[in-house]
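Asks: Protein chains in written order, with numbering that gives the first Met the number 0: chain A, 0 to 131; chain B, 0 to 131; chain C, 0 to 131; chain D, 0 to 131.
By construction, these hints were calculated from the structure, which means they are not laboratory data. Not one of these hints is a red herring.
Note: identical chains are not told apart, hence a pair may lie in one copy or across any two.
List of simulated lysine-lysine pairs, DSS-like, C-alpha gap at most 27 angstroms:
hint : residue 1 : residue 2
1    : K44       : K32
2    : K44       : K126
3    : K81       : K109
4    : K28       : K81
5    : K97       : K126
6    : K28       : K44
7    : K32       : K109
8    : K32       : K97
9    : K109      : K28
10   : K97       : K44
11   : K81       : K112
12   : K44       : K81
13   : K81       : K126
14   : K32       : K112
15   : K109      : K97
Quantities reported herein were computed from a predicted structural model and do not represent experimental measurements.
The primary structure of each chain is shown beneath.
Protein chains: 4
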Amino acid sequence: MQQAIDFFRQNDQFANHCGIELLSAEPGKSHAKMGIQTFHLNGAKTVHGGAIFTLADYAFAVAANSHGQLSLAINTTISFVKASSAGTLYAEAVELAKNRRTGTYEVSIKNEKGELVAQFLGTAYRKDETLF
Amino acid sequence: MQQAIDFFRQNDQFANHCGIELLSAEPGKSHAKMGIQTFHLNGAKTVHGGAIFTLADYAFAVAANSHGQLSLAINTTISFVKASSAGTLYAEAVELAKNRRTGTYEVSIKNEKGELVAQFLGTAYRKDETLF
Amino acid sequence: MQQAIDFFRQNDQFANHCGIELLSAEPGKSHAKMGIQTFHLNGAKTVHGGAIFTLADYAFAVAANSHGQLSLAINTTISFVKASSAGTLYAEAVELAKNRRTGTYEVSIKNEKGELVAQFLGTAYRKDETLF
Amino acid sequence: MQQAIDFFRQNDQFANHCGIELLSAEPGKSHAKMGIQTFHLNGAKTVHGGAIFTLADYAFAVAANSHGQLSLAINTTISFVKASSAGTLYAEAVELAKNRRTGTYEVSIKNEKGELVAQFLGTAYRKDETLF
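From just these sequences and the hints, can you work out the full model?
Replies: In structure tokens:
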């Protein structure tokens with residue numbers, strides 16, 4: 000598991016570019032966070048949907064790849080329920096189901112007060128290759 | 000319309016952070032592009048789903064706000080159909096429907112060869128406030 | 000609450016046509032079931048995605064309207080994770096967030112063994128009118 | 000192609016239960032319709048989201064299986080843009096992309112006036128088995 004955590008921390012350049020940190024991972028689960036910075040904002044001065052999505056998608060990717068089998072996102076949906084403009088956002092990814100070829104994951108994005116900011120549902124395709 | 004274009008170009012800091020450029024906009028439509036850079040890549044050395052989503056979400060936001068009424072994303076779905084690792088990605092957003100309170104938009108993300116990379120469907124909530 | 004339950008039981012003709020039963024409802028929540036019948040099957044002899052969706056959408060509608068304010072589905076996503084061909088399917092709807100104008104709901108569809116069959120995420124628009 | 004059309008017309012019992020008719024199909028495409036009947040209505044006297052979804056999902060299934068390879072829905076999203084209470088609804092499914100294992104399809108649901116009622120985006124998993 001530590002190998003997968005190190006892999007994501009070192010190799011996911013876009014997550015690093017967005018200031019996202021992986022907090023923990025275990026089989027089928029992950030936690031990540033993103034401290035809100037000025038570059039995360041959109042024209043309305045709230046965190047851009049793309050930044051929130053990237054945080055959710057990253058937590059999803061870590062959870063989906065946590066079994067060591069290379070897994071790629073096929074389809075993802077995100078519902079935005081609350082705007083944020085400062086503080087830290089937290090992502091928690093959980094595996095809902097896993098078949099031979101696909102896996103289904105749910106990610107909740109919350110703010111520091113524990114309020115739901117966005118809810119994400121994602122499906123991954125599991126390839127024959129391993130992650131490393 | 001030029002006012003809306005200038006607004007997005009100057010004020011969407013996350014789009015700028017991701018290297019996204021607005022090419023054109025007209026009522027209910029927009030075009031944007033993102034030249035792939037190293038910081039866009041994920042651990043598999045392909046463009047991160049979060050970067051592709053951000054490009055689509057930005058084109059969606061411009062099209063949804065093109066009527067001058069402040070519009071916020073409620074829900075978005077993206078299907079990833081082809082991986083990319085170099086070149087430029089293009090987003091084309093089109094308005095499918097617009098009611099008093101909601102608008103529905105479709106965004107296609109294509110590569111330089113015109114091949115579909117991702118398809119996005121988004122719903123925006125239209126507030127009473129104007130964009131400016 | 001009993002008034003809303005009676006309303007849905009008596010007036011949702013398509014749910015009745017599909018053999019769906021409302022088991023319980025409370026503010027922001029609902030439970031429903033659908034005993035699988037031959038008419039629910041698709042060409043592959045498994046329960047049609049449309050029947051599973053209808054069960055989920057119904058539970059979503061009851062939960063979204065449980066506060067007495069008329070709520071209409073704007074956008075819904077469903078991930079199908081396991082095929083079913085006999086027995087009973089159960090839907091459990093939970094409210095994730097509620098703002099003045101929109102509400103976000105999650106519905107899990109499980110079989111008799113408690114295995115996840117499908118996961119649903121839905122957004123409702125809350126009108127000024129009341130349900131009755 | 001006629002074999003696939005006959006297969007869906009005869010074997011999709013839930014589509015028949017819902018009064019859905021397949022109008023035409025060709026590789027990657029299909030058209031279907033549903034004449035609105037009383038049993039399609041929800042408590043608000045408009046066509047139930049589940050009935051609209053079933054029409055879209057059916058057109059999606061026909062288009063996805065039109066190549067003769069057994070294809071199953073993994074994930075689908077539908078945005079509802081206009082309520083309907085009478086007349087006929089038409090579905091048009093188009094293949095956006097097809098890989099070895101997955102296919103992406105878009106379905107538009109329109110009323111008799113050609114107005115958009117709902118927009119659907121679906122991903123199918125393509126199995127090794129053939130449809131027949």
